[in-house]
Structure formats: C-alpha cells, structure tokens
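Visitor: The whole structure should be built from the sequences, with the hints applied where relevant.
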Amino acid sequence: DGGITQSPKYLFRKEGQNVTLSCEQNLNHDAMYWYRQDPGQGLRLIYYSQIVNDFQKGDIAEGYSVSREKKESFPLTVTSAQKNPTAFYLCASSMAGGAYNSPLHFGNGTRLTVT
Amino acid sequence: AQSVAQPEDQVNVAEGNPLTVKCTYSVSGNPYLFWYVQYPNRGLQFLLKYITGDNLVKGSYGFEAEFNKSQTSFHLKKPSALVSDSALYFCAVRDKDTGFQKLVFGTGTRLLVSP
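Just so you know, the protein sequences line up as chains A and B, in that order. Everything in the first sequence is counted per the numbering used here, starting at 1 for the first residue and increasing by one. Everything in the second sequence is counted per the numbering used here, starting at 1 for the first residue and increasing by one.
Keep in mind that a hint or two might mislead.
Said to hold, decoys possible - Ranges between beta-carbon positions, derived for each pair:
id, chain 1, residue 1, chain 2, residue 2, range
1, A, Asn101, B, Asn12, 31 to 41 angstroms
2, A, Ala81, B, Leu56, 41 to 51 angstroms
3, A, Ala81, B, Ser114, 37 to 47 angstroms
To be verified - Straight line, CA to CA, 16 angstroms or less: simulated EDC-like cross-link-like pairs of lysine to aspartate or glutamate:
id, chain 1, residue 1, chain 2, residue 2
4, A, Lys83, A, Glu62
5, B, Lys77, B, Glu64
6, B, Lys22, B, Glu8
7, B, Lys102, A, Asp30
8, A, Lys71, A, Asp30
9, B, Lys102, A, Asp59
What the hints contain is simulated information worked out from the structure, not anything from laboratory work. Each residue gets a CB set at the ideal place from its N, CA and C atoms; glycine is no exception.
Guide: Laid out in structure tokens, this is it:
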C-alpha cells in the first residue's frame, strides 16, 4: 500500500533537547511538507520541499530544521530554539511540482510533548 | 495572500438530517479549493476538490461541495448525516495564479452528529 509513514506516533522530550521526527513516503511524490497543528489554529506550514536537496521555509520555520537527501524522506528536527514545541506534527506529500490541483496526502502524525 | 475562513467552530446535526459546513476564501487569482476530514489522532484525509467547471463537486463518503464565486464560498454538504461523519473538517485553498503552491488551511470545524 502506498502512503506516508510518520514515526514515532508519540514522542516525549525534555526541554532543551533537539528531537527529530521521521517522515517516509512511497507514493513517488516530489513535494513534501511539514505542518504543525494546534487546537483552534488549524494547520500551519513549517517547511516544504519541491525536490530533493531543496526546501523552503513556511510560515513558522523558526526553531525547526529539515533535510531532503532522498525523495522518500523528509525528516523534521525540532530544536531547543523552538519556544513552544508541544504540538501535533503532520507530514504530507503531493505530486510533482506541487501541481495546483493535486491534493496533499497526509501521514497519521506525531504528537510531541516537551516538558 | 490567500486565506480561508471557517466561521463555525462546531456544527451539530441529528443523524439523517442534511449537514452544511461553511467555508469562505480569499485569493487574488483563481482558486483551487479542497476539503479534508480528520479523525482523532489521525492525519487529514482528502474529501474533494474544486478546480474548474461544475460548481457542485462530488467527493468521498457521499459528501459534496458547492462553489459560489460571487460569494467566495465553498460549503461542504451531505444530504443525510451519519454518526460516523463526526470529525474535524478543514477547508483549504491554493491560489492558481500566483505561482505559489502553498496550501492554506482554515481553522477547522468540528462536526458532531447525534444518533
């Protein structure tokens, strides 16, 4: 089955630690995205990548970093510089060039709790 | 910049009754519009999209949406609600003419269908 796999489902970290969230897709999609979801705020774009070895900041990139070394993988690192890291993180992908009529396919998310 | 508004935080409807979840949008060019559904602790699932053509779009699970250009609206509808339709619904828009592929989401509307 084609899809997007995010791991782990739940993640707990102490304040001051960096943490990396995994996202893998086997849909052969070129574009990949990271969104953050907070109650009552909808989804906010953190980073996106249209092609391997290239990525752009979204609306709330501060305190986050990404890499895109392989087409299938788009890991997100939440650094200690992120002021409010506790949230539900969603990875998504879409067809080549982010074709405008192409819907996003989402993983099942990682819930990160930082104490 | 494009934006989406979902004016209702929650919609309550009895099973068997018709449902409507409202969405209005703002873009500088022509819109591509999407509806997604999210069940608890899961990612978003694509329901339907409007690209061009017929103003009434049919999607998954019996849902449909009506595009109204003059009112800049894209309301989600279903003739007969099911308890299993209870979930969080997101409207999203892409601006076709700005050359930017970012998908902007509304804040979501929780649909509660009572037996």
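Visitor: Quick check: which numbered hints come out false for this structure?
Guide: Per hint list: zero violations.
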